[in-house]
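Please arrange chain B on chain A, whose structure you already have, making use of the hints.
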Amino acid sequence: MFKTSNGEEIFVIDAHIHLWDARPENQKNVHGAQFINCFHDYHKALSPEEYLWPAEKFQRYGADALYEDLFVNGYDDMAICQPTYLKDFYKEGFNTTEQNALLREKHPDRIILNGAFDPRDEEEGLDYLENLVNTYGIKGVKLYTAEWRGDSKGYKLSDPWSKRYLDKAQKLGIKNIHVHKGPTILPLNRDAFDVADIDDAATDFPELNFIVDHVGLPRLDDFCWIAVQEPNVYGGLAVASAFVHARPRYFAEMMAELLFWVGEDRLLFASDYGIWQPKWLIEKFMEFELPEDLSAETGVNLTLEGKRKILGLNAAKLYGIDVESQMARIEAGEG
Amino acid sequence: MVLAPNPPMVEDKHLRDEVWNCLATVNDPELDESVTDMGFIDRLEIDKNNEVIIEFRLPTFWCAPNFAFLMANDMREAVEKLSWVPRVIITLTDHCHAEAINNGVHKGLSFSEAFPEQTEANLDELREIFRRKAFKMRQELLLRTLKEIGYKGSELCLLKIDELVAIVSEDHNFSLLRSRYLEVRKEFGGPYGCDKLAFTSDTGEAISSESFVEYLSGLRRVRVNSEFNANMCRSVLKSRYGENKKVATN
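Protein chains in written order, with the working numbering: chain A, 1 to 335; chain B, 1 to 250.
Source of the hints: derived by calculation from the structure; they are not laboratory data. Values in this document were obtained by computation on a predicted structure and should not be read as measured data. Every residue, glycine too, gets a C-beta built ideally from N, C-alpha and C. You may find that some hints are simply not true.
[Stated by the list, open to error] SDA-like mimics (lysine to any residue), calculated; alpha carbons at most 20 Å apart, straight line:
#: 1; chain 1: B; residue 1: K238; chain 2: A; residue 2: N131
#: 2; chain 1: B; residue 1: K238; chain 2: A; residue 2: Q34
#: 3; chain 1: A; residue 1: K175; chain 2: A; residue 2: H245
[Said to hold, decoys possible] Listed below are several chain B residues computed to face chain A (Cβ distance under 8 Å; list not exhaustive):
#: 4; residue: V184
#: 5; residue: E187
#: 6; residue: S239
[Claimed, not checked] To spell it out: a stretch of chain B is covered by chain A in this simulated footprint if at least three of its residues, at any positions, have a beta carbon under 8 Å from a beta carbon of chain A; those stretches are:
#: 7; stretch: 116–122
#: 8; stretch: 227–237
Bound conformation, chain A alone (with noise of 0.2 Å):
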């Protein structure tokens, strides 16, 4: 709950965190270590200094920093695990649903438990979807279409694989998929982070939410452009919004050009927790205005309204969340 300077409190929903293990006895191989060094650069680059973490507590921070950077001084009311299972790269993996599951029994009222699923695993992955299902009432999933698996560098939604289990997940009950555009898709000849199989996909199954992480960034240009077209595509703000401190006015351009073309109503806060913390983005996010030449060429504006939505309100409706019932339980629970 972050609270206005009038008073006015603003429920949230940190729509992307993660609670991963990347220590070196985790990693299997260069390319574990590579993935969360990058990741490290990644925090350098754009936290203020004050929020700096060294390589080791990056690396892995457990289930108590969590609570504390996102429920206790970061805002959050709740928070979406998102799970990045890396099975090439790390021993016991990166962070896997069944991992997060345990977050989620200490924290039932915080956190929102996302499952996985990789077409790749064909028959038997269909399965084990279902039974992500049935174990954990998971509502969303994230995909993460780079992920090496052997030999392959990824997949796209468009495959007929992807469909099936598109189709399967809409039977039973998924509402949300969110999808991670990552930089090592085949054929390599081909731009690896093209979003156009968002646009099939959101075609073929008009009752799924798509929510592209990180707005479709580095295409944020071709993700507007689908979003105009497809109602049922959403923008996760993770990576977009870190810049909001290192680069305010980058971040002005960028949400000028997200209301423009895709509008508030769709448009999702996330942290990237332990990449970025929430404490900070939000603060920032509060005060940050849109400059006023940006507003009278692109005729938009970020009111407090906005933000409320693009805080909580929006992941609110896809998780079908009645804030007022959830903060009682909240509070009642205080955990």
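Positioned in the frame of chain A, the structure of chain B alone reads:
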């Protein structure tokens, strides 16, 4: 203080400058910024046989191998144009596909030969997609500047190439934007010539003054994305390697 010239060093600096200027013409195709401006060049040496040794690095271990390959190849070709250079050895470091890329570029392989069974064709199509985006970005920046100078949308829609060339401005930035735009205008936007429209869509259609504002919004989206990416790349490169070492001799 007497400035004593040191001939071998002067010659060396001169040669290095020549190489550096060649490298500066090579763009990161995704960002439309030069590899030298982005800080990608980590080492530049010229040995006693005039062979040129170049090392470069990128912001992450995972940066797209296709773009990395394009840049490595373009750098080699650019420097090989210098008549005194017998050979260029380019090495990409700290990258998940470094070996395949370095090997491919050294042996003069095509991308699909360097990555057998992982590609469908060569990189021409990819290069064109991003060159087209570069056209839009450069056009937007130039249109924006012209509007600031006082041109109206309705005038810009009808402006001919020779009229654009004739605009006199003391603003160095304007001249730079104009020459960068005209360079890519030769590749996109329909027939090129003095009496042709300066500002057309990438596919060569005229822009009507009624749709000018909307057209500009579409361009702006492409430019904002690219600037954001370039910023991200610079920030992450700095995290990974610290402040950029001064490889240049300036």
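So, going through the hints one by one against the coordinates:
1. Of the pairs offered as hints, the one joining K238 (chain B) and N131 (chain A) is violated, with about 44 Å between alpha carbons and a cut-off of 20 Å exceeded.
2. Of the pairs offered as hints, the one joining K238 (chain B) and Q34 (chain A) holds, with about 16 Å between alpha carbons and a cut-off of 20 Å not exceeded.
3. With a C-alpha separation of about 33 Å, the suggested pairing of K175 (chain A) with H245 (chain A) is violated against the 20 Å cut-off.
4. Restraint check, V184 (chain B) versus chain A: the minimum CB separation of about 17 Å is more than 8 Å; hint violated.
5. Residue-level restraint check for E187 (chain B) is violated (minimum Cβ-Cβ distance to chain A is 19 Å; threshold 8 Å).
6. Evaluation of the S239 (chain B) hint against chain A yields a held restraint, the C-beta minimum of about 4 Å falling below 8 Å.
7. Closer than 8 Å: that is the beta-carbon criterion, and the stretch 116–122 of chain B has 5 residues meeting it against chain A, so the requirement of 3 holds.
8. Under the rule that three or more residues need a Cβ within less than 8 Å of chain A, the assignment of the stretch 227–237 of chain B holds, with 7 such residues.
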